[in-house]
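A.B. asks: Sequence:
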Amino acid sequence: PATSYATTVKLYKTKSLTMLMSLLYLFCALQPCLVSSQVEIQDILNELHLKAQDVVMAAGEGNTIAASRVLDVMTTTLPGIQTDVENANEEIDKLKTQIANQTNLIADLFTTVQNQSMLLQKQAEVIELQSSQIQMLNNSQEILINETKNQLFEETFTYVRSVEDLAVKALEDIKNIHKRIDHLNTTANTSLGSCKELYEAGWTEDGTYEISPDGNKTKVYCDMTHGGWTLVGIVHTCNTRNLDEPNNWFVSGLKSDDRLLYNNLILHDAGLMSLGTARFGDYIKTHDKPMIKLEIIAHLQASQKCTYYKDISEDKVFSTLFDVNNRDYPSKTCRDEQMTDNCVSNYIGQMPGGAVTLFSNLKLYIGNQDIGGFGVHMRMNSDQNTAYSCICSNTGKNTLWHDSGIDFHWGNGAKIWIN
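Read the sequence shown against my numbering and you will find it ends at 498, with the numbers running on by one and no gaps.
Misleading hints may appear alongside valid ones.
Unchecked claim - Cross-link-like lysine to aspartate or glutamate pairs, in silico, DMTMM-like; alpha carbons within 20 Å at most:
id, residue 1, residue 2
1, K298, E276
2, K364, D244
3, K395, D420
4, K368, D302
5, K364, D293
6, K395, D407
7, K411, D348
8, K364, E374
9, K395, D302
10, K364, D348
Hint data in this document are derived by calculation from the structure and do not stem from the laboratory.
Build the full structure now, drawing on both the sequences and the hints.
C.D. replies: If you want it as structure tokens, here you go:
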């Protein structure tokens, strides 16, 4: 741990400083000895100098006896003094050598202490950095753990909610199936002619029902969410030039697989499907303000739609829909069911000159933004144009409508409903 390491560093520094102080103390103790020895030698030399002066003076005065005595004393004492001086010099040399050695030792030890201090300082910095990194790592791990917990909780909660939603939907579907079974059992011999009549009779669940618009039972898909609309025709999405698209497909009741029609399913390249117009003729004549709902469906995104509502009070408007002669029976067509928003006069049939089957004056909208060109159109078998099949959005370079520019925006689908 960093705390134990710091304590060890402190103890080592204390011991090193103690040793250094001891050596300094020894140096200070030896220094007076050296000075003292030098003083004693100087005193001896001074004494010899004085005695020599006495000899010279005695000799100068003719006092040979006194001079001789002084010389005798000097001769007797001089060897001892010389020996003492030599010994003192030797001691001084030894002391100098010891002091020099101790000085070098102190310098080396001081350098070692400095190096050890620097090393300990670096190690302390490394330990502090590692401690900081460990703390950051712990914080990151804690954040990651919390984020993972939150994510797992959210995913688990979302999954549980989705399972609950699926269970609720499954129960609703079971109830709807029971209602449809009851409906089939109770209305098999009735004369209800449309999904709207079923809706007005209390049937409010979307799904497949049986109706008898011309006295003959037929399965249809009913949109009860919006008040009882009967699906009577589908233009399936596609991306080919070779589909069979006769001009009378809607009038004649062309359908290769009516299960797609009464189950409200769009299937790519499945072609054109219709219940036909004849079986709804009497129903249209006897009901107030009949209309069709036209949904243009994007080729690459079935959930993207542009919806129009078209008045079919004149039975010829409905009985010639998509056929060559429909341009002779234009009717009011609007973007809302109340027939007030962006209303135009429209026919859905072969345009003059026979180039294409035109949804005249209809453009595609996303919200209130017009993204179409001169109008939505199709290519039927008798049309002169040999372009791709299904519906052309004519949106050009606009990418808001999700179809493909590779085939020049053909391949879109449609659903036709009657109320």
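A.B. asks: Against each hint, give a clear statement of whether it holds in the structure.
C.D. replies: Going through the hints against the structure:
| no. | hint | in the structure |
| --- | --- | --- |
| 1 | K298 - E276 | holds (15 Å) |
| 2 | K364 - D244 | violated (43 Å) |
| 3 | K395 - D420 | violated (24 Å) |
| 4 | K368 - D302 | holds (18 Å) |
| 5 | K364 - D293 | holds (12 Å) |
| 6 | K395 - D407 | holds (9 Å) |
| 7 | K411 - D348 | violated (31 Å) |
| 8 | K364 - E374 | violated (24 Å) |
| 9 | K395 - D302 | violated (25 Å) |
| 10 | K364 - D348 | violated (34 Å) |
In the structure shown, a violation is registered for the earlier hints numbered 2, 3, 7, 8, 9, 10, in ascending order.
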